[in-house]
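A.B. asks: Each chain, letter by letter, is given below.
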Amino acid sequence: MKLFGISLKRNFLQRAWVRVITRALPTIALALSITPAMAQLSAAPPIEPPQPLPYQSPHKTLGTVTCASSLCHGSIKRWKDSNVLQNEYVTWSRTDKHAKAYNKLLNAQSQKIARNLGLKEPAHESKICLDCHAHSVPAELQGERFKPTDGITCEACHGPAELWVKSHVEPDASHARNIENGLYPTSDAAARAKMCLACHFGNKDKLVTHRLMGAGHPRMSFELDTFTEIAPKHFVVDKDYSERKRVWEGAKVWAIGQAYAVTDSMDILVDEKQGRDGLFPELVLLDCHACHHPMSEGRWKPKTAFGPSVAPGLVRLNDSNMLMLRALAFALDTNAGERLSSQTRKLHRAVAGEGDARVEAMALKKVAADLVPLISERTLDINTIRAIALRLVDDGLSGYYSDYAAAEQAAMAISSVGSFLGKQGGLRNTASFNDNLRKLNISLANDERYKPQEFIARLRDVRATLAR
Amino acid sequence: MQTDTKISKFSFVHALAAASMAFTAFIALMLASVYGTANAASDAKPVSRSYSVSPPAPERQSVMDADKKSVGCVSCHTGTDRHTMHANPGVTLGCTDCHGGDATVLKPKNAQYSGQDEAGYRAAMAKSHVLPKFDKAWNYPSSANPERSYTLLNKEANQFVRFMNPGDLRVAREACGACHLETVQAVERSLMSSSAMLWGGASYNNGILPYKRYILGESYTSDGQGATIKNPIPVNDHMIKMGILPALAPLPAWETIPPGDIFRVFERGGKVISSAFPEVGLPNSTGALQRLDEPGRPDIKQSNRGPGTGSRIAVPVINITKTRLNDPHLWFLGTNEQPGDYRSSGCTACHTVYANDRDPKHSGSYAKFGNEGKTQTKDPTIPKDESGHPLKHEFTRAIPSSQCMTCHMHQPNVFVNSFYGATMWDYESDAPSMWPAKQKYPTAAESREILNRNPEEAATRGLWGDKEFSKNVSLLNPKLKDTQFADYHGHGWNFRKIFKRDRKGTLLDKDNKPVSDTDPKKFEKSVHLTSIHLDLGMHCVDCHFSQDGHGNGHIYGEVAAAIEIDCADCHGTTDKYPTLFTSGPAASPGGRDMKLLRTQDGRARFEWREGKLYQRAALDANKEWEMSLVKDSVTPGNPKYNEKAARAKLMHAGASGRDGEWGPGGADGKDPTFAHSNEKMTCYTCHLSWTTSCAGCHLPIQANAKTERLHYEGGETRNYATYNPQVARDDMFQLGIHGEVKGARITPVRSSSALILSSTNANRERIYIQQPPIAASGFSSQAFAPHYPHTERTTETKTCSDCHVSKANDNNAIMAQLLLQGTNFVNFVGYNAWVGSSKNIEAVNVTEWDEPQAVIGSYLHKYAYPDWFQNHEKRGQQLPESHSHSTNGEARCIALRGEYMFVAEGAGGLRVYDVANIANKGISQRIITAPFSPLGQDAHVSTTNATCMALPTNQPIAPLRNQGDLMRVTNQEQAFHPMYNYAFIVDAVEGLIVVDVNTFADGEPRNNFLKRALTWNDANVLKGARYITLGGYYAYIATDAGLVVLSLNDPLKPTVVSTLPFSDMRASALQFRYLFATTEKGLEVIDVTYPERPTVVAAIPLADARRVYAARTYAYVAAGKDGLVIIDIEKPTAPREYQRFTADGALNDAQDVVVGSTNASLFAYVADGVNGLKVIQLTSPDSQPKFYGFSPDPKPQLIAWRKTESPALALAKGLDRDRAVDETGGQIAVFGRIGSRPFNAGEMRKFYMTPEGKPWSVTDEIERARFIPAPKSANPSTKTVASAEVKK
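Protein sequences, first through last, are from chains A and B.
Under this note's numbering, the letters of the first sequence match residues 3 to 470, in that order.
Under this note's numbering, the letters of the second sequence match residues 70 to 1357, in that order.
To be clear, the hints were calculated from the coordinates, so they are not data collected in a lab.
Positions of the beta carbon are idealized from the N, C-alpha and C atoms, including for glycine.
Mixed in with the good hints, there may be bad ones.
As the list claims (entries may be wrong) - The list that follows gives simulated cross-link-like pairs (lysine to aspartate or glutamate, DMTMM-like), each with its CA atoms no further than 20 angstroms apart:
1) B:Lys509 with B:Glu865
2) A:Lys99 with B:Glu679
3) A:Lys82 with B:Glu251
4) A:Lys102 with B:Glu251
5) B:Lys573 with B:Asp1251
6) B:Lys137 with A:Asp174
Claimed, not checked - Covered stretches of chain A (chain B as the covering partner; in silico rule of three or more C-beta atoms under 8 angstroms from a C-beta of chain B):
7) 85-96
8) 102-109
9) 397-408
10) 458-468
Based on the sequences and whatever the hints tell you, model everything.
C.D. replies: As structure tokens, this is what we get:
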């Protein structure tokens, strides 16, 4: 990736790139230009969380120290008689990378990125960096003990505590009242998806743009359920949890995460400001590896999961989330699957100039959004989940994950749904499934050295342990 | 809640059923008498009130419920700083949740505290507030902390206590305990509350209780009764090793505690003079029981009732009970009357800050609020110009060290003081600015007023007794010439800053270049030896986190055992980066995760960033610093590599190290072991710039002083003892072995406030004076203790030649000091100098009795007592008073131990005189041979010609106390060497005579008979013996033939170790490896590294050298007509005559000399045959500005003299104050901290001798040629910090 940032103007790759872009440009640029009719369309499905995201909250952020007391959430040991673990701060502090997010801005790589971008301030003082590497709120909403240096803090996810700090310790505290007071409902998969994706994918306020990548920012990878688990999570879904909050199966969390990834990406795609970078589209929305691979390595395939490829040599939207959602949609409802499939294809075509990309993007957003209630309400039984899992695997075996992003998403998805299957007793041999999953992940260890054929071989082993 | 671990005083005897029966009986006796006493504080009369009970604060409540509990309160208290005191808005509390009171009472409309509807306001106030029983004592309606309230809290209704301070430990469970119960309970058991370390140390070191696992501690029930605290879980063997105690009982009333020592006046018998020995707690009202004594017995005894009655009490306990020497601690409010003493009690004592100190290094950002205890609160009802209010109605963890200092004043030479780079002022430096020009004669009332604030008696005469003066003493600094004062003044004390000096006392700048004594900017140019941590901006709470403040819930008796932090936790070791988990003795299993800690302002306290470790300041939101990491400092190539540090830390152990080899690699390719590893020694053994030593404190009890008891039930009684530090120095660096709780490692040791006791009875008769007690273990109470000096610096650390013999061999005295063998420099010659004459022994009074006990005619005398100094000058410097007793021969060797004078008096043999009443105006014959009937005792051994005698120590000891399982197993005490039972007499004819003298330490006068245990003179080897010096179990005896060295390892079977011929050897003095002998030739220096091979290594010719005294780097020779000849022996093998002093001819028959320190000055006392006693001031601020040095050049001045009854021949050496162990490892003085001790003989030898017995030496130069790099294959030092961090 660095390659482009540095040598763009010099070598023949530059010419190659310019050629590709030049071909694609008119269509994409045109497709993304705004017309009133499109604006109407964009209003279509209102997929908004029940309340503002934590960084958008009008309330004051109090600071980690407020939560960190050993009598509150800073206990070393779990409390036996509390409905939460009470050691959340300890977990976050010791093992959660969010706690170190700010400090990343102090390292040499971050300093270099800031320099490359020509930022006026160093990384740890630049809003563009702090927006995701810290809980970045306006000065007037920073409590006296709030420290941006703490990175992604308690309140960065749970919402500024000005109002709910008191209500959440009242004797008759209720989750509903806390949420009324501004506690962000992270237990709700949809709300959580919106929140996490805000940084891990980007939203209308913040995005790791292609410029940032060019300046040296590492590539982003995210899947809601997997990342919830590996954060690591600092809660246990147990009896009292289920009495207070809805319990979301990991597979559903995954599914909702995928749906929102699609809707959010569509929003960005059509956003006049974010979706473009001058003459160019915001390249980060495209599939990195469609371009970032050796010239000799022709990766174009005539067939995709969504139907025939539009044409070789085009820059492609990153459709990894659509791929995941497609597997899910088909398992829930064949029609929904077909709709998603065909709408994704339409979008691909539109991006390539055969249609109105903006219209198609909004249509795809609606298709994805419509899936959210379906996922939320539908009971996912073993058979449905197995069907999702098998489709994920089979898509891979069909060579639809020719690019790393999709393969990575698939692996995380298989992990999520496989875990569900395992818990429900739907796996013959959990140990060997886990073993194969582990090997699958090894094949994904390095995005730059991703070998589709090796991935497929590993996937084949996974399938053997997934089937009934 | 109240009953789990706190037991009321009445039932605590049951609680201690498991303790020894003796102790139980002892305590029961105490309690019986304590509870007879009345409860009347000075003028406090209780008001009868009925109190309603407020429920404890709830752990949780709705905001609405909480608000109801503040409605009325906030109608007057319309603003406050933090509504709930907590910075955390999640805490939901109403005012009455913590304070109690009635929140429904509203301020009447328009009513004001003063002005409109005052009555209405006051009525509402009285109704809503909880009112005190003792409203006068609390100055109701003022809410300021009253001055010196002490036991008022114990008498007051606890409802009021809670109202006034919900954090007081009597009530904290109901307020703070709602959420912090465990912490409250831990604090109740912690040393901060119990003071067990002080009471335990004082009672053990002074022989009052024989329990080195302490049993006394302060605690109260909610209604102010003394309570026993019990450890929450039974104490198992492991916990015992960790220093955890099962229980602490209340301190019995002082009137009932028997003295640790049976001074002569305490011995049984005597006619009762009830006016002189008033009884407290009379067994019968007429006192007839005591009058059973028959007339005719000597009346110096206090009756035949037992110890613990009358005034037969333990003086240190009076001090604990009645002076504010150690306290008040958490159970009481601060005294709130002078800067440094403003604070609350209990939880509030630490967590609310008061304005105490103007120095930002001490008070951080609070410094700007001054030092007068005035508030900054928003609350309009609190007066802003009144002292005794906290800065804000707010809790904080950003506690400035000035707040810690309100208690950690004690002892005035240690801990927070040394952290600040200061120690107690010695009354001498810059005396002209500190003493009134006109001598002050304080009235009893004036003295009492001052002593209530400051128990130093000197303050009653000095300018600083005025608190307005003391408050601003640091403002004197610009005009001072010898010292600089620190700007903190708790207890009314003065603290001087310690500056960097060389051994001679010359000020040094940061590059070790000398700074001139006359340079007006000398104190700016020199280095103030604060802790480097202080310089960075650290406060106590930057290292001592929650656990160290609150305790971990277990009961401890020693501070070091109760600490969780260790240097390595933050700095790592040579091979490991810090883990940031605490690892000190009191750390929880696995340690506290310091990475989780946050400062009050919200930042993480510790953070690794890019391979560097940072700490954020607890008190300054904008401050952080990078930590020094030991591993980096020893890793070549690392930017932080420090060759000097690397050499010290990687110095090899064993033969390789003795050859000077250092580095990560071993000489033979194997991994080296390191000489100075963490397992062998504490970090601060080297990482200190100075250590403190308080060599002696005088506690003169006065019967005619009616004073209040400051603990438990309070009440006034007679008797009071002031507190008078004598020699607080900063130049003594000493090492020993720490207790097992600290890994039995090598560690710095300090002289820890040894006491000497005096007593003046109701008739103002001095019934004993300046008596050092004996520790419970039988060792001398000239106590020492392992010590963390808190004087860490980066460059001013200890180096090779501070602990090992230097290549230049110029540190013999340093080694003697280091190993605790003593340097004869700080020795205590007290009220009397004792002279042996041709026909007498004589006590010449050389100091004032009042405090400070200035040597008459000295620099201090001139300023502290100008009138009396003038009188002395008018007398032609002649000392006015002496007392003598005739002898049966020439008293050529005399030694004072306790109340006995041991005299070798020629044909008279050995005579032990009773000198207990030497200062008693009620006794006509103050020196006596037989305290009562000669038939009942005979302290005499007749010999043919007793020429000299020696005691193994002149410190009072009682070897018989040191035996049995209690001492050997429980208290982990070493045994005495058997020679400590004896006195050793040399007789020119009979040779060596050994006499058991333990009888003088058993408290029983009727068995004081002396007899020979041994007479020895094999092959007449001791023919003509005339002098004996003991060095451990080696005796160096001057005989006709020369030096004879005997081994007394078995004191009753002496063996000749070696002989060395001299012509007319006369006397000798020993210092570490060298014996200084006077002979016909002069002064000869004998290397006695190997007593079996003594070798003469140097000589200074003198015409008539008599006796010699070695004090640090000078030998003082009484040289007959040449007077006092001072020889520089810094390099013992190259001695140099420094000066001859004859006081312009006045000193022309010098026979003997001793040296001692009084306050900051050094004195020599010379027995000048024809002229008598001569007192010579060797250093004084006037004559030698370098007087704070380890061994400044002496500038002798004759200041006083007295002709003796017969020609003076000998002097008694002053009490050894820096000698804890003898040259062969025999322990002499008590060591505080269980299991701790001085080095034994083998351990001492390791500092300078190979296992084969060859001496080796060190250089402070970095010898690069001796560096051995790490073997190529293994290269652990290249591991990055980051990887260490990830591992954690």
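A.B. asks: Now tell me, hint by hint, if it's right for this structure.
C.D. replies: A quick look at each hint next to the structure:
no.	hint	in the structure
1	B:Lys509 with B:Glu865	42 angstroms, violated
2	A:Lys99 with B:Glu679	15 angstroms, holds
3	A:Lys82 with B:Glu251	16 angstroms, holds
4	A:Lys102 with B:Glu251	32 angstroms, violated
5	B:Lys573 with B:Asp1251	16 angstroms, holds
6	B:Lys137 with A:Asp174	17 angstroms, holds
7	85-96	holds (count 4)
8	102-109	holds (count 3)
9	397-408	violated (count 0)
10	458-468	violated (count 0)
Hints 1, 4, 9 and 10 from the earlier list are contradicted by this structure; the remaining hints agree with it.
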